[in-house]
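Please model the entire structure based on the sequences and the hints provided.
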Amino acid sequence: MTTGTPATTGTPAATGTPATTGTSATTGDLPPSLVATLPGDWYVDPAVFALEQRLIFESMWFCVTRSADLPAPGSFRTAVVGRESVLIGRGRDGTVRAFFNVCRHRGARLCTEESGTVGRAFRCTYHAWTYDLDGRLIAAPNLTKMPDVDRIGYGLVRVHVREWLGYVWVCLADDPPPFEDDVLGEVVTRLGDARAIDRYGVADLELGRRIRYDVAANWKLIVENFMECYHCATIHPELVEVLPEFAAGYAAQYYVGHGAEFGERIEGFTVDGSPGLDRIPTLSPEQDRRYFAITVKPQVFVNLVPDHVILHRMFPLAPDRTIVECDWLYLPDVVASGRDLDRSVELFHRVNQQDFDACERCQPSMSSRVYARGGVLVPSEHHIGGFHDWVRAKLAGTGSPGAGSPGAGPQDAGSPDAGPQGAGVSRDTPGDG
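Position 255 of the sequence shown, counting from 1, maps to 255 under UniProt numbering, and the rest follow consecutively.
If you're looking for bench data, these hints aren't it; they were derived computationally from the structure.
A portion of the hints provided could be inaccurate.
Stated by the list, open to error - FRET-style restraints, in silico, Cβ to Cβ: (1) Glu267 with Pro364: 36 to 42 angstroms; (2) Arg339 with Gly153: 50 to 56 angstroms; (3) Arg392 with Asp175: 21 to 27 angstroms.
Bear in mind the structure is a predicted one, so any value in this text is a computation, not a measurement.
Virtual Cβ for every residue (Gly too), placed ideally from N, Cα, C.
Below is the structure:
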């Protein structure tokens with residue numbers, strides 16, 4: 001079970017353009033107010049999850065770690081992306097690169113630790129094949145006696161890398177979908193303008209707290225939960241106190257460009273509504289005293305408030321298990337000062353616990369014969385049908401135009417900074433996209 005503390009909810013008195021709703025999930029025997037969900041087996045069937053690993057997680061941009069988690073040359077982290085282990089490291093030139101975490105000799109897992117630092121190279125503990133920080137093969141027992149072995153050709157296999165919001169995003173596809181469409185496009189869909197998120201300066205914020213949740217639920221249940229607030233008045237009393245409009249059951253992200261407004265007597269996005277920490281100075285007046293939420297499919301949630309940013313990364317490991325890493329990001333001076341972050345962190349930590357407990361209560365019923373055909377979505381949840389349509393299209397192999405060929409991996413490392421094979425890094429730039 002997950003651990004954490006309950007949170008509060010909010011209510012939308014919002015007006016604006018509703019986000020895309022799903023219609024293909026409707027069935028003839030439902031009244032117009034209701035839309036059908038996915039069938040229960042889509043949340044428990046290992047075959048469905050295997051397709052999702054190949055056609056979604058391994059084919060799309062996937063957020064793996066904060067760039068600051070790689071503070072110096074030789075720093076590395078490993079992450080599970082679909083069926084693969086990915087090694088992310090910082091080179092001697094300061095560039096972040098990513099590779100399949102597989103030794104090219106006999107397939108041993110190269111780095112078995114979740115994070116760490118190496119000196120100048122990654123060394124396989126099985127047969128001592130050794131790779132520099134750029135992924136090139138530089139040493140192996142008796143390698144000098146094998147002059148026909150191409151040290152670049154037998155280097156680690158590269159993974160495409162982008163950096164955005166101060167996070168490292170990877171794509172395992174040979175031909176990755178356009179980052180500007182699949183990732184930045186989600187921001188435009190939600191906020192109406194990609195530049196709106198730039199005002200938070202997320203890349204320049206610093207990590208104040210990180211909590212990892214081990215959730216016994218399918219990743220889609222977590223996405224669906226984040227997309228709606230029909231449950232907020234029921235399970236999020238603290239959040240609704242801070243964001244009263246959530247009590248009406250409409251998620252803020254249901255309306256393009258809308259942010260849920262703080263309650264009249266609320267001074268900050270804290271567990272008790274007391275004043276928060278230093279406000280991000282570059283925000284517009286329209287962003288003050290408001291909460292914005294963005295879903296970046298398939299596995300990132302971004303929550304924006306005036307004094308900090310909360311970013312969730314999901315790592316689906318099994319049909320019924322998802323690791324969620326949640327970061328609370330603040331102005332550097334706030335973190336450096338050692339000020340107490342507890343009241344700030346506690347609000348969304350409770351929200352997380354309440355949400356994940358709810359998802360875990362749903363997961364066992366996904367295999368019930370009563371839920372074989374799925375459930376229903378009420379009007380304030382109809383936009384979740386759009387997410388279901390998106391999943392169906394991805395698994396049918398008819399996902400977003402321009403998507404890379406599903407299941408195919410990138411080419412060998414080749415020249416360290418070569419084109420598609422080298423998967424060059426694009427760094428954060430204001431107004432990108």
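Here is what the structure says about each hint:
For Glu267 and Pro364, the hinted distance range of 36 to 42 angstroms is satisfied, since their beta carbons lie about 41 angstroms from each other. Judged by the Cβ atoms, the range 50 to 56 angstroms given for Arg339 and Gly153 holds: they are separated by roughly 52 angstroms. Range check, Arg392 to Asp175: about 23 angstroms between beta-carbon atoms, so the 21 to 27 angstroms window is met.
Violated hints: none; the structure is consistent with every hint.
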